[in-house]
Amino acid sequence: MLTDAIQRSLPAAALALAAACQGGEPSARPGSDTTAAAATESPGTAGLLAYVTNEDSQELSVIDTRTDSVVATIPVGTRPRGVRVSEDGKKVYVALSGSPKCPPTMPDEECEKLKADKSKDGIAEVDVASRKVTRVLPGGSDPETFDISPDGSTLFVSNEDAGQASIVDLASGEIRSTVEVGKEPEGVTVAPDGNTVWVTGETDHNLTIIDTKSGKVLGHVEVGKRPRSLAFTPDGSRAYVGSEVDGTVWVIDVPARKKLKVLDMPKGSRPMGTDVSPDGKRVYVSNGRGGTVSVIDVNTDSVVTSIPVGERPWGIALTPDGRKLYTANGPSNDVSVVDTDKLTVLRKIPVGKIPWGVAIGEAP
1 MLTDAIQRSL
11 PAAALALAAA
21 CQGGEPSARP
31 GSDTTAAAAT
41 ESPGTAGLLA
51 YVTNEDSQEL
61 SVIDTRTDSV
71 VATIPVGTRP
81 RGVRVSEDGK
91 KVYVALSGSP
101 KCPPTMPDEE
111 CEKLKADKSK
121 DGIAEVDVAS
131 RKVTRVLPGG
141 SDPETFDISP
151 DGSTLFVSNE
161 DAGQASIVDL
171 ASGEIRSTVE
181 VGKEPEGVTV
191 APDGNTVWVT
201 GETDHNLTII
211 DTKSGKVLGH
221 VEVGKRPRSL
231 AFTPDGSRAY
241 VGSEVDGTVW
251 VIDVPARKKL
261 KVLDMPKGSR
271 PMGTDVSPDG
281 KRVYVSNGRG
291 GTVSVIDVNT
301 DSVVTSIPVG
311 ERPWGIALTP
321 DGRKLYTANG
331 PSNDVSVVDT
341 DKLTVLRKIP
351 VGKIPWGVAI
361 GEAP
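Residue numbers (my numbering): 1 to 364.
Treat the hints with caution; some may be incorrect.
With a straight-line Cα cutoff of 30 Å, these simulated DSS-like cross-link-like pairs (lysine-lysine) come out [as the list claims (entries may be wrong)]: (1) 353 with 118; (2) 225 with 353; (3) 101 with 91; (4) 113 with 225; (5) 353 with 101; (6) 353 with 342; (7) 183 with 101; (8) 267 with 353; (9) 91 with 120; (10) 213 with 258; (11) 353 with 132; (12) 281 with 259; (13) 132 with 115; (14) 115 with 90; (15) 118 with 225; (16) 213 with 118; (17) 132 with 91.
If you are wondering where the hints come from, they were derived from the structure by calculation, not from laboratory data. Source: prediction; values computed, not measured.
Modelling step: build the complete structure from the supplied sequences, incorporating the hints.
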């Protein structure tokens with residue numbers, strides 16, 4: 001995952017990749033701009049690619065952030081959701097699941113009647129240069145989201161139907177250990193210092209804190225109902241946790257492991273994805289069925305505005321310079337690009353069916 005703003009021009013290798021994507025193998029969709037006839041290169045995004053998982057069409061859309069258009073579409077496997085990029089941008093990891101889709105409105109007994117194919121569970125490793133899945137790593141049962149250790153050696157994966165987190169060694173391709181966490185875990189984020197990883201428990205309404213080296217549980221923090229994701233400020237002092245059912249964002253004192261404040265999102269919000277600006281001044285929260293992204297001022301811990309972005313925005317990701325935000329809008333099968341200076345949508349990019357997650361990395 002990238003942490004530093006990228007201010008240099010597009011390297012030759014990235015130009016070659018973009019040319020190959022545009023001219024060689026056809027992508028499933030042109031990714032045409034819906035708000036402008038011709039795309040122009042955006043400042044501060046040279047050499048960056050955005051990756052979008054499309055849960056129902058079982059593919060990964062690759063977006064060139066200079067032109068905000070799809071340059072490749074990569075088949076990856078069943079129900080791709082969580083997505084991360086390696087630090088060097090050469091690999092993209094995608095969580096796959098053979099478990100059936102069970103929305104919150106579906107009773108547990110009805111969900112249990114649906115057949116799961118555990119042979120399809122895993123973490124796909126995609127080679128960016130060849131645009132192909134090179135291997136599928138074990139990721140435990142029903143992997144949904146995950147994060148990568150700062151040294152790039154380990155994946156921490158939430159196993160939604162098992163109430164566990166799997167710790168996966170990338171070198172050996174094996175699960176190192178499995179940890180009991182809150183029931184129905186989803187969000188997984190490694191703290192900035194790399195010493196702990198925090199996992200949201202949707203049904204237990206809590207966070208589980210795991211030591212990244214030993215794999216031991218260090219403690220729990222109670223939060224709002226159905227926490228979907230969390231994001232840390234760059235200094236690691238605070239975490240912001242989106243609670244879907246409550247329509248709230250919980251501000252957590254990380255060293256003390258306790259609640260500082262609960263923020264009410266606009267009426268109708270169902271907080272899903274969270275991301276913090278590189279300068280630590282803003283938190284962005286996608287509001288699901290609320291159709292907006294809310295902007296939180298970290299200094300005051302208050303919502304300063306909400307931006308209409310599309311139908312049920314879920315996963316979100318900022319460019320490393322913080323100037324653009326990408327939102328995966330599931331039902332409308334597109335991605336919104338937000339100018340974070342003007343706080344307006346620049347354009348919408350058609351992608352696959354039911355886009356779920358977004359990750360941004362430097363083109364190798």
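Checked hints:
1. 353 with 118: Answer holds: residue 353 to residue 118 is near 22 Å, not above 30 Å.
2. 225 with 353: Holds, at about 28 Å.
3. 101 with 91: holds (27 Å)
4. 113 with 225: Between residue 113 and residue 225 the Cα gap is close to 26 Å, so the pair holds against 30 Å.
5. 353 with 101: holds (14 Å)
6. 353 with 342: holds (29 Å)
7. 183 with 101: holds (17 Å)
8. 267 with 353: holds (28 Å)
9. 91 with 120: holds (20 Å)
10. 213 with 258: holds (23 Å)
11. 353 with 132: Cα-Cα ~19 Å, so holds.
12. 281 with 259: holds (19 Å)
13. 132 with 115: holds (28 Å)
14. 115 with 90: violated (35 Å)
15. 118 with 225: holds (28 Å)
16. 213 with 118: holds (28 Å)
17. 132 with 91: holds (10 Å)
The structure fails to meet hint 14 from the earlier list, while all remaining hints are met.
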